[in-house]
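*Asks:* Could you put the whole structure together from the sequences, leaning on the hints where they help?
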Amino acid sequence: MERQFASSDMFVEAPDAPRKTRLEIFWRLFRKNRLAMFGLVIFILFFFTALIGLLLTSGQDPFFDPAQVRLQEKLRPPLSSPNLDSLRPDEVPRLGIYLFGTDDLGRDVFSRMLQGAWVSLTVGFVAVGISVLVGIFLGGVAGWFGEKRIGMIRILFAILVLTGAVLAASGAYLSFFWFLSGAFLCLIFLYGTRGRDIFLLGSISVDNLIMRLVDIMLCFPSFFLILTVVALLPASIYNIMIVIGLTSWMGTTRFVRAEFLSLREQDFVTAAKALGVGDFRIIFRHMMPNAIAPVLVSATIGIATAILTEAGLSFLGFGVPPPYATWGNILSDGKRFIFDAPWITFIPGIAILIVVLCFNLFGEGLRDALNPKLRERG
Amino acid sequence: MVSFIGKSIIQKVITLFFVSIVSFLIIHLAPGSPSQVDPMNPKFTPEMVERFRAEFHLDEPLHVQYLLFYKDLFTGKTISWRDNRSVLMKIWERFLNSLPLFIVGTILTWTLSFPVGIRSAIGRGGVYDRSATFISYLLISIPGFFFAYILIILVVTRFHVPVIGMETFGTGAVSTVQMVMDRIWHLLLPSVLGATGGIAVLSRYVRSQMLEVEGQDYVRTARAKGLTPEQVHYRHALRNALLPFVTMFGLILPGLIGGSVIIESIFSWPGMGRMAYEAILARDYPVILTVNFISAVLVLAGTFISDLLYMVVDPRIRL
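Top line first, the protein sequences correspond to chains A and B. Residue numbering for the first sequence follows our numbering, beginning at 375 and increasing consecutively. Residue numbering for the second sequence follows our numbering, beginning at 14 and increasing consecutively.
Hints were generated in silico from the structure; no laboratory data involved. Remember, predicted model here, so these are calculated numbers, not experimental data. Don't take each hint at face value.
Unchecked claim - Pairs of lysine-lysine, DSS-like flavour, derived with a Cα cap of 27 Å:
id: 1; chain 1: A; residue 1: K406; chain 2: A; residue 2: K394
id: 2; chain 1: B; residue 1: K84; chain 2: B; residue 2: K20
id: 3; chain 1: A; residue 1: K709; chain 2: A; residue 2: K448
id: 4; chain 1: A; residue 1: K522; chain 2: B; residue 2: K25
id: 5; chain 1: A; residue 1: K647; chain 2: A; residue 2: K522
id: 6; chain 1: A; residue 1: K522; chain 2: B; residue 2: K20
*Replies:* So, in structure tokens, the structure goes:
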């Protein structure tokens, strides 16, 4: 739209000096923060390691085979050379040495670490992706449509239908029947009263509804809840990602809602409304770019937390079923040999530490660089 | 004030009600059922399973099970499916074991993070501040179980004291002093581990709060009046920086039942976290649900107390 105006009106003055874009200002501030730059560099390195690791350790005949068992070569320290006499040619490690040593089954820890890097990376990103999506959606709805009120009967109806659906999905048909008839009663009610609130049950605002949902979710002790769900569901890495994602969206929702509440009072939103821009275009095109900063920061730190949570679950023996390696279960296997073969514990431990540290430092740097107070000064 | 308290309590009771429903649904809708816990056991005949199901109302429809369960919980009659013992008694026993860890951990957190945070804020950008910042990031980022093993290696090889469990096995006939020392050694590592994350986070928070207050006009005025730096920092700045932390006392409460699963597993500490973990593994639904319910109550009570404290200490909130 702006461009059209500019081309049709030749007298529009060009700005005198080239103005810096937001990204340039951000980058100038960010670059000064040495710790954050360190975090970013490690993050990029980690990303490529995980990607290469995935390519080199998967498939029928992987380049580095993380599942190759060599019982005669167990618990060899890092950088030791293999005993070539006792190995078949296809069992010899590709690098000629055991870079990170071997574990109690003689598997190459280096290959297993490469395989596990991808798990850590995807768990972090997918879990946070889910939580950010849910958070932005609910926070946006609460912040933008917050004053809309919903009658209690409608909420009751929604709850009954939802619970009924969950019950039906799990095969509890008798309960499902009761919930369904309850929902049906609500429906009759709604039609009979034509949406008027004749029983004075009152109504609740959308904002209130979503924030109470956040309160409910915050009541659950998060690691315990994740542990419960993961233990009850079949072991799979996707379940872990989804569960971590679905139990960590509350912070994002609160941030987005708070940002939206202050943004929607501002003039550019009023202007957009006056121009007749639709609700969703205002939300996603005009407000979201202004509200995204705290979400990005919390997402980066959320990735760190998700990686730690996954490692903790793997350590306790939940999550990815063996023989697939994750950093958490390599460490968990190694703990029995902590005095004889400390490298099996220390290598994955230090790897997790470095990766989580880099996300935390990067997130904090992001927070500083996106902080408007600092931006004006810089 | 009274209307605020009333409203807040009603709201929290409603929240609790929904928490109870959601946790009940999560537990009961997960695939697999508790009567199939031990299908390989030859003693577990179909009749046994039927009797088990009838005994624990598992043959009733779900909403009836829900009502029965919470009726039992409120009358204190809930029993564990695993050993038929009262769940509340079980939790109480484990709670007493976790309590020392919680107390020592909390004391460590609150006594260490304030001096560290305040000193970082006063010497902002200096060597102390930067190293404290980096160390706290390290402590936030290190996986608890990895840190636990580092500390175990350190303590066991340097000081030659056993640290796993609550006390050394088979020390019946030693003097009281030795027994107390033994207990303290066993308590030390798990509580230090429980406190590290808290120290790192809280000291950062103290620092930022202190920095914010130090930038206020009245602190500048105090400096301009010619007060000594000590008076400015500790009398003018610190008192106001402490305000948000008073409310955080309420938020400690949920930690009472939290008990870290991972740390308690590593140290074989028979605390709350371990009990919850074992209950999850054994699908002992009454224990899981009760722990969940109590912790939800504590979370809600904690936020309630912190709201109240805020009203007490900050007159601007009191309307």
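*Asks:* Give a verdict on every hint.
*Replies:* Hint-by-hint comparison with the structure:
Simply put, K406(A) and K394(A) have alpha-carbon atoms about 17 Å apart, close enough for the 27 Å limit, and the pair holds. At most 27 Å may separate the alpha-carbon atoms for a hinted pair to count; K84(B) and K20(B) meet this at roughly 25 Å. The straight-line distance between the Cα atoms of K709(A) and K448(A) is roughly 15 Å, inside the 27 Å bound, and the hint therefore holds. Restraint check for K522(A) and K25(B): the C-alpha separation of about 23 Å stays at or below 27 Å, so the hint holds.
The hinted pair formed by K647(A) and K522(A) meets the criterion: a straight-line CA distance of about 17 Å does not exceed 27 Å. For the given pair, K522(A) sits about 22 Å from K20(B) by alpha-carbon distance, which is consistent with the 27 Å threshold.
The structure shown violates none of the earlier numbered hints.
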